[in-house]
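What follows is each chain in one-letter form.
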Amino acid sequence: MKKPRTLLLGILTALLVAQGVLSQRFIFPQWKRDYSTGNLGIAEGLTPDQLLASLSGLRTLVAGILWVKTDEYFHNGQFDAVVPLVRLVTWLDPRQEEVYATGAWHIAYNFTDEQNRSDRRYIPLALRLLQEGVQYNQNHYRLFHETGWLYYHKIDDDYDKAVKWFEQSVSKPGVLKYLRSILASAYQRDGRIEDALVWYAKLEKDAADEFAVTKDPTTRILKDTQEKNLNNHLIRMTSRGYFGKKAGVYDKYPYDTHNPVNLNFTFKVEVVDKKVIRVTGTWGIPTTGARVRCVLRDADYNLKWEPAPGLDFDIDRNRTFMLDPLYTQNGRFDRRIDMSRNPTMYGFKSDEYVLEFYFSPRSAPPHIQDKIGWNGEGMTDRQFIDDKVRPGQRVLFTSVKLTRDQILRRGEYRDGYVYRSPGYKEVTTLEESDVIFRGSMRN
Amino acid sequence: MTQILAIAGTTLGEAIRRRVLLIILMVGLAFIIIMPGISELSARNSYDVLSNMTLGIIKITSAILAVTLTVYLLPNEIERRTIYTILSKPVQRAQFLLGKYLGSVSALVVMIGLMTIVLIAAFAIQLKTTDAKTLLPLVRQSVMLVFQMSLLAALALFFSTFATPVVNFFLTGLFFVFGNLMNPLFNQLGSGKAGPVVGTLMKAAHYVIPNFGNLDVQGGATAGEAQIRGSELVYMFNGAIYAIVYIGILMILSIFLFEKREV
Chain A
1 MKKPRTLLLG
11 ILTALLVAQG
21 VLSQRFIFPQ
31 WKRDYSTGNL
41 GIAEGLTPDQ
51 LLASLSGLRT
61 LVAGILWVKT
71 DEYFHNGQFD
81 AVVPLVRLVT
91 WLDPRQEEVY
101 ATGAWHIAYN
111 FTDEQNRSDR
121 RYIPLALRLL
131 QEGVQYNQNH
141 YRLFHETGWL
151 YYHKIDDDYD
161 KAVKWFEQSV
171 SKPGVLKYLR
181 SILASAYQRD
191 GRIEDALVWY
201 AKLEKDAADE
211 FAVTKDPTTR
221 ILKDTQEKNL
231 NNHLIRMTSR
241 GYFGKKAGVY
251 DKYPYDTHNP
261 VNLNFTFKVE
271 VVDKKVIRVT
281 GTWGIPTTGA
291 RVRCVLRDAD
301 YNLKWEPAPG
311 LDFDIDRNRT
321 FMLDPLYTQN
331 GRFDRRIDMS
341 RNPTMYGFKS
351 DEYVLEFYFS
361 PRSAPPHIQD
371 KIGWNGEGMT
381 DRQFIDDKVR
391 PGQRVLFTSV
401 KLTRDQILRR
411 GEYRDGYVYR
421 SPGYKEVTTL
431 EESDVIFRGS
441 MRN
Chain B
1001 MTQILAIAGT
1011 TLGEAIRRRV
1021 LLIILMVGLA
1031 FIIIMPGISE
1041 LSARNSYDVL
1051 SNMTLGIIKI
1061 TSAILAVTLT
1071 VYLLPNEIER
1081 RTIYTILSKP
1091 VQRAQFLLGK
1101 YLGSVSALVV
1111 MIGLMTIVLI
1121 AAFAIQLKTT
1131 DAKTLLPLVR
1141 QSVMLVFQMS
1151 LLAALALFFS
1161 TFATPVVNFF
1171 LTGLFFVFGN
1181 LMNPLFNQLG
1191 SGKAGPVVGT
1201 LMKAAHYVIP
1211 NFGNLDVQGG
1221 ATAGEAQIRG
1231 SELVYMFNGA
1241 IYAIVYIGIL
1251 MILSIFLFEK
1261 REV
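Which chain is which? The protein sequence lines are A and B, in order.
Taking my numbering, the leading residue of the first sequence gets 1, the next gets one more, and so forth.
Taking my numbering, the leading residue of the second sequence gets 1001, the next gets one more, and so forth.
These are calculated hints, taken from the structure and not from any lab test.
Worth double-checking, as some hints may not be accurate.
[What the hints assert, rightly or not] In silico SDA-like links for lysine to any residue, alpha-carbon gap of 20 Å or less: (1) K1133/B / V175/A; (2) K1203/B / L16/A; (3) K161/A / D195/A; (4) K1203/B / F26/A.
[What the hints assert, rightly or not] Derived contacts from chain B toward chain A, CB cut-off under 10 Å, selection only: (5) M1053; (6) I1060; (7) Q1126; (8) T1130; (9) T1134; (10) N1183; (11) N1211; (12) V1234; (13) G1239; (14) I1241; (15) I1249; (16) I1252; (17) I1255; (18) F1258.
Owing to the predicted nature of the structure, the values given are computational and were not obtained by experimental measurement.
Don't be surprised by glycine CBs; every beta carbon is placed ideally from N, CA and C.
Next comes chain B alone, as it looks inside the complex (with noise of 0.2 Å):
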């Protein structure tokens, strides 16, 4: 466990003093503090639509923050031959990975949390509240946002152990577009209503996909809780808990091809 926290801890540090990510984390919050003005253009229903574009600025931004963290994570320490000193130290090869992993989730941890911080401040200067109904649905979309991104990222670890960064990059990408049509999909497919060699297809995908759209509650959060008939905690907390358990599946699979892989 001290391996595990010791490269985390320095991967945490890296991320953090790479400058692109932290230009990445200054274009996020520039559009963060823009979007007030929005509500100028948008008299009508301004908190929903300001809302909904702060949040998918966010949302693009950790997406982004996710892939280029850790689409780089192993191939420039084998390029820098750094794993090399790791490894000769009495560290596993899982230990290293999930350090990585975690100093990685850190990293988007610790960036979604700032720029919550200052959407927040935002939309409080903005609406003149600090009233807590107001502002907690923004809060709540960011905290889903974190596992949705650790799952993107626990992906994108995963292709980084057999795929070369650009491969990477367009797998993850792909990966999370169609992971996030997977509901909708399925709604419509998978009953099998274009065919039963779709539906079956669906099905199967449906299952064995990490399903991003099972952590999006942006539209239960910007609408208001009292649209929702079910409990958004119970279905937040449900996602969560979909998120750690596909994040152990995609890292179990990961230790598995990275045992394997010759560096």
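Looking at chain A on its own, in the form it has when it is part of the complex (with noise of 0.2 Å):
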């Protein structure tokens, strides 16, 4: 038996030592790449018998239920208990993409005031938490996706980070083909218009060598698509006198930039109750389909989108950030902003505010960059152009102060109180039955 004991000791040897250099050189590096969760799982707010689960090795069933949870408050409008589950699920199983996708999307777009503005301050956290998710899924478009769009569309500025993270999206494997194009979208709003031409004609013959090989109906049409994409965009560029100005050609042909739309903005902010603003005003686009952007924040409160390092996942409520996209009609817009029955979004709890109007060509629908141009050449404006906010744009902005007790109708104030811009004119109130009178800018 001595002998048979000897060897057994002396496998037993070599086994501990190799299942030790397997886990601690092979198995731990990439357990630690692909599927750590950052932490350990355990997070408060779990339940004693969810916890216990979650230390069994059972993160991802844990993280379903809780899911199944989230997905209940979500439809029965209990929103404020959706942003601790999300984090919960995603502490738990942060390979779980709809979760980050669907949390971010909460996040930056339904946490809304009475007139359906969402928090602009929440979007810092909807962006932290999508980046967190794309440190844990790098392989994958999704998230990629997903954060460019937020730069895209909510944010709707900043745009070199959309393309940025479109960039990204687009060259990761099995991203939708239908998804692509929206890079070449991105840049036209990054004003990199011939990188958009570049895209869209790698996209054109990504989808026609593609065509030649499967010859089905689905081909048939994403390469229509890919084609139509194309064409339209070498037209804007010609209309739009981008090839002309290239040439050194601008001034000699009749582009539809030339004779600029002079915006003749003007605007009247008027205090009608307290806090509640109406903003009334006209400008020189008289179709449909442009916003002014107007914002009503804290003097010294300059919202960065950017999350800050380490950023927590609560917003400050101290703060005041107000953003509405005005509709714009017939050369004029009106809104009563009401901020009053939305405490905890607008505080007012600095003593001065600033209140700004802007317009940016890039965010412009196609049909008035025609005639704007993609960096705001064909409109003027004898006050509030200004060249300096959006470097390389000529874009529309101006602001007006305001103080809290202006905006709270108290002291001198208690009456109302109104701003008019120089050489405002009274405009006649929006009805919805208004006629659009001019579809294009075109004539």
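Got two chains here, each in a separate frame; can you build the complex from them with the hints?
So, in structure tokens, the structure goes:
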């Protein structure tokens, strides 16, 4: 027995060393990279049975149960309960892209006031959630795309960041074909017109190559769409004078962006009730589609969308930030902005505020860009054209200072407060039945 | 070898005949069949939720099976005195132990296999697909579950050589929970963030304690291979080798202890 015992001891020692090496050198590094949750997976908010289950290696099971619960809360309109649950699920199972995507969408879009304006203070949190998701799901396009989309659609500014995320999204294997065109739109909004052309051309070639092989109707539709996108872009580049400028003949030919449209922007801000303002105004864009961004914020609170390092999942409730994209029709806008019914969104704790009006040609729809160009070369304004707030573009930008007393109608402002920009002419109130007089700006 | 296989065959037959195991198996199967209803509750991400839940249920059922199968393996033989009949024949204690273990593992393979077949059938019906891309991740997880549960069974068998069934049950459960937490704990505390003593203890524990987390590919299995930067197959292969090596360690230790035990 002594000999086999010694042999077994030898094997035991060898196996002990082997398991250690295997675990430490080979398995753990890959686990850390591909399977780690980044934390213990133990989070406050789990009931004892859920905690026990998550400790027993059943994290994904608990995550699944919580996600079903989250869905239920969402459909019942219990939005406040959704965010903590989303955090729990992502802690437990960070490979669930859908949870990150839905959670970020919920955070960015669904916390709204009574007039359905979303609380923009949550946007950095939504971005933070997405960026965390991206860290755990590097190989897949989904969360890169979602992050790009948040910049492109919700923030509707900082288009360079949208481009950055979309570029990464389209470089991932398995990205859906129809999602790839968005990069070209983002390039345009970022002012990279030729990059958009190159991308459209690549998409068109890819689709044509695929159709040559498959010959199936779906690929045919995709090929036709990409061809149309490419042609549209070329036509726009031509008619807006892009090629003319490059060739140095812009002044020689009647491009659509010649004879800039005079925006002649004027506005009035009226505090009609405590925390209720009415903004009215006129401008030279007669068609629908373009919106003037109206922001009311603490004077010293310039909200940065990009999440700060170490940002936790809460917002500074003492800060006020309201953003309303004003609908314009027949060359005028009129909006009553009621902030009185949402004290948690609009606390008005600061003494001074800034009300801003902003319009960028980059976020305008194509039929308006056809006249004003990608960079605002086809628009002018006596008072408010600005080429500094967005370098490389001519945007409409102006701001007015307001005080807390004015907004809350206190002290000398008890009867209200009115500010009129120079040259403001009273406008008639917009009615729902208003006919849209002009659908095009070509004439 | 013949003796080992004979004992293994008997153990497998006995395990399948035990009604308690069939009840547990039925519970697992029933859960899997009921689970597709969850997709009605969770319109978003229903595949991930479903696969997480059903695989989780298979895991719970398999863990209970693995422990109940092995915890009573030796005590029952000793209590019923059947061990004397076996050991009086030309069968060594090591062969007896190995045979018992292989029999339990075979029973586990059969039961996990059955549950996986039902799971795949339920998914195929629920999702109306036979696409391998959709169904293969479930098989992968089940394969790793076999290794994980074999390791759990080896651990329970090891404890059964010196502990009573009740103590064994809790010891095995404790090691299973702790073994599942090994990687995240080591990741957070192994670098010495919580102090050098904790760091050293953590390193030692990570080296010695059976790491069940190494055999868990559920995150990757349910989320799709596209999200895994390395090769999942390599990870699974390493995990399987790790399980076999660790089972070897536990079996040798069990043999040493069982040789010395008076029966």
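Evaluated hints:
no., hint, verdict
1, K1133/B / V175/A, "16 Å, holds"
2, K1203/B / L16/A, "15 Å, holds"
3, K161/A / D195/A, "15 Å, holds"
4, K1203/B / F26/A, "16 Å, holds"
5, M1053, "5 Å, holds"
6, I1060, "7 Å, holds"
7, Q1126, "15 Å, violated"
8, T1130, "21 Å, violated"
9, T1134, "14 Å, violated"
10, N1183, "5 Å, holds"
11, N1211, "6 Å, holds"
12, V1234, "7 Å, holds"
13, G1239, "6 Å, holds"
14, I1241, "6 Å, holds"
15, I1249, "5 Å, holds"
16, I1252, "5 Å, holds"
17, I1255, "7 Å, holds"
18, F1258, "12 Å, violated"
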